[in-house]
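Undergrad: Kindly generate the complete structure, drawing on both the sequences and the hints.
Per the numbering used here, the sequence shown runs over residues 3 to 62.
Worth flagging that the hints you see were computed from the coordinates, not collected in a lab.
Glycine included, every Cβ here is placed at the ideal spot set by N, Cα and C.
There's no promise every hint is true.
Said to hold, decoys possible - The calculated DSS-like cross-link candidates involving lysine-lysine, where the alpha carbons are at most 30 angstroms apart (straight line), are:
1) Lys59 with Lys39
2) Lys39 with Lys25
3) Lys29 with Lys10
4) Lys10 with Lys21
5) Lys59 with Lys29
6) Lys39 with Lys10
7) Lys16 with Lys32
8) Lys29 with Lys16
9) Lys39 with Lys16
10) Lys29 with Lys39
11) Lys10 with Lys25
12) Lys59 with Lys16
13) Lys21 with Lys59
14) Lys32 with Lys21
15) Lys59 with Lys32
Stated by the list, open to error - Quick list of the computed label-pair ranges, beta carbon to beta carbon:
16) Met13 with Val36: 43 to 53 angstroms
17) Ala47 with Gln19: 17 to 27 angstroms
18) Gln8 with Asn57: 30 to 40 angstroms
19) Gly42 with Ser62: 21 to 31 angstroms
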Amino acid sequence: MAGHSQFKNIMHRKGRQDKVRSKLFSKLSKEITVAAKSGGPDPDANPRLRLAIQNAKSQS
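TA: Following this line, the structure appears as structure tokens:
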């Protein structure tokens, strides 16, 4: 074997991808939390929360 490992290649690529996904999911969850606290927990009565949930569903 001449100095490369499939696992190491996957590990580095997956690490970068997981970092990006983690940042996105934390942003979306924070947005949902703020919307629920400011306008109530019911998406039917809270348009900001409804929009935040739609954005989260479209991103995941």
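Undergrad: Now, for every hint given, state plainly whether the structure supports it.
TA: How the hints compare with the structure:
1. Under the criterion of a C-alpha separation no larger than 30 angstroms, the hint pairing Lys59 with Lys39 is consistent with the structure, at around 20 angstroms.
2. At roughly 21 angstroms between alpha-carbon atoms, Lys39 and Lys25 fall within 30 angstroms of each other, so this suggested pair holds.
3. In summary, the hint linking Lys29 to Lys10 is supported, as the alpha carbons are separated by about 29 angstroms, within the 30 angstroms threshold.
4. A hinted pair counts as satisfied when its Cα atoms are at most 30 angstroms apart, and Lys10 with Lys21 qualifies at roughly 17 angstroms.
5. Note on Lys59 and Lys29: the hinted pairing holds, with a Cα-Cα distance of about 13 angstroms set against a maximum of 30 angstroms.
6. Simply put, Lys39 and Lys10 have alpha-carbon atoms about 43 angstroms apart, too far for the 30 angstroms limit, and the pair is violated.
7. Pair hint Lys16 plus Lys32 holds up; C-alpha atoms about 24 angstroms apart against a cutoff of 30 angstroms.
8. Restraint check for Lys29 and Lys16: the C-alpha separation of about 20 angstroms stays at or below 30 angstroms, so the hint holds.
9. Proximity of Lys39 to Lys16 is assessed by CA-CA distance (about 34 angstroms); at most 30 angstroms being required, the pair is judged violated.
10. Between the alpha carbons of Lys29 and Lys39 the distance comes to roughly 16 angstroms, so the proposed pair stays at or under 30 angstroms and holds.
11. As the CA atoms of Lys10 and Lys25 are separated by approximately 23 angstroms, the hinted pair is consistent with the 30 angstroms bound.
12. Restraint check: the Cα-Cα separation between Lys59 and Lys16 comes to about 22 angstroms, which is no more than 30 angstroms; the hinted pair holds.
13. Between Lys21 and Lys59, the direct Cα distance comes to roughly 19 angstroms. Compliance with the 30 angstroms bound is thereby established for this hinted pair.
14. This hinted pair checks out: Lys32 and Lys21 have alpha carbons roughly 17 angstroms apart, not beyond 30 angstroms.
15. With a C-alpha separation of about 14 angstroms, the suggested pair Lys59 and Lys32 falls inside the 30 angstroms cut-off, and the hint holds.
16. A hinted range of 43 to 53 angstroms is violated for the C-beta pair Met13 and Val36, which are about 35 angstroms apart.
17. Taken as a hint, the range 17 to 27 angstroms is violated for the pair Ala47 and Gln19, whose Cβ atoms sit roughly 37 angstroms apart.
18. Remark: the range hint 30 to 40 angstroms for Gln8 to Asn57 is upheld by a beta-carbon distance near 36 angstroms.
19. For Gly42 and Ser62, the hinted distance range of 21 to 31 angstroms is satisfied, since their beta carbons lie about 24 angstroms from each other.
The structure shown violates the earlier hints numbered 6, 9, 16, 17.
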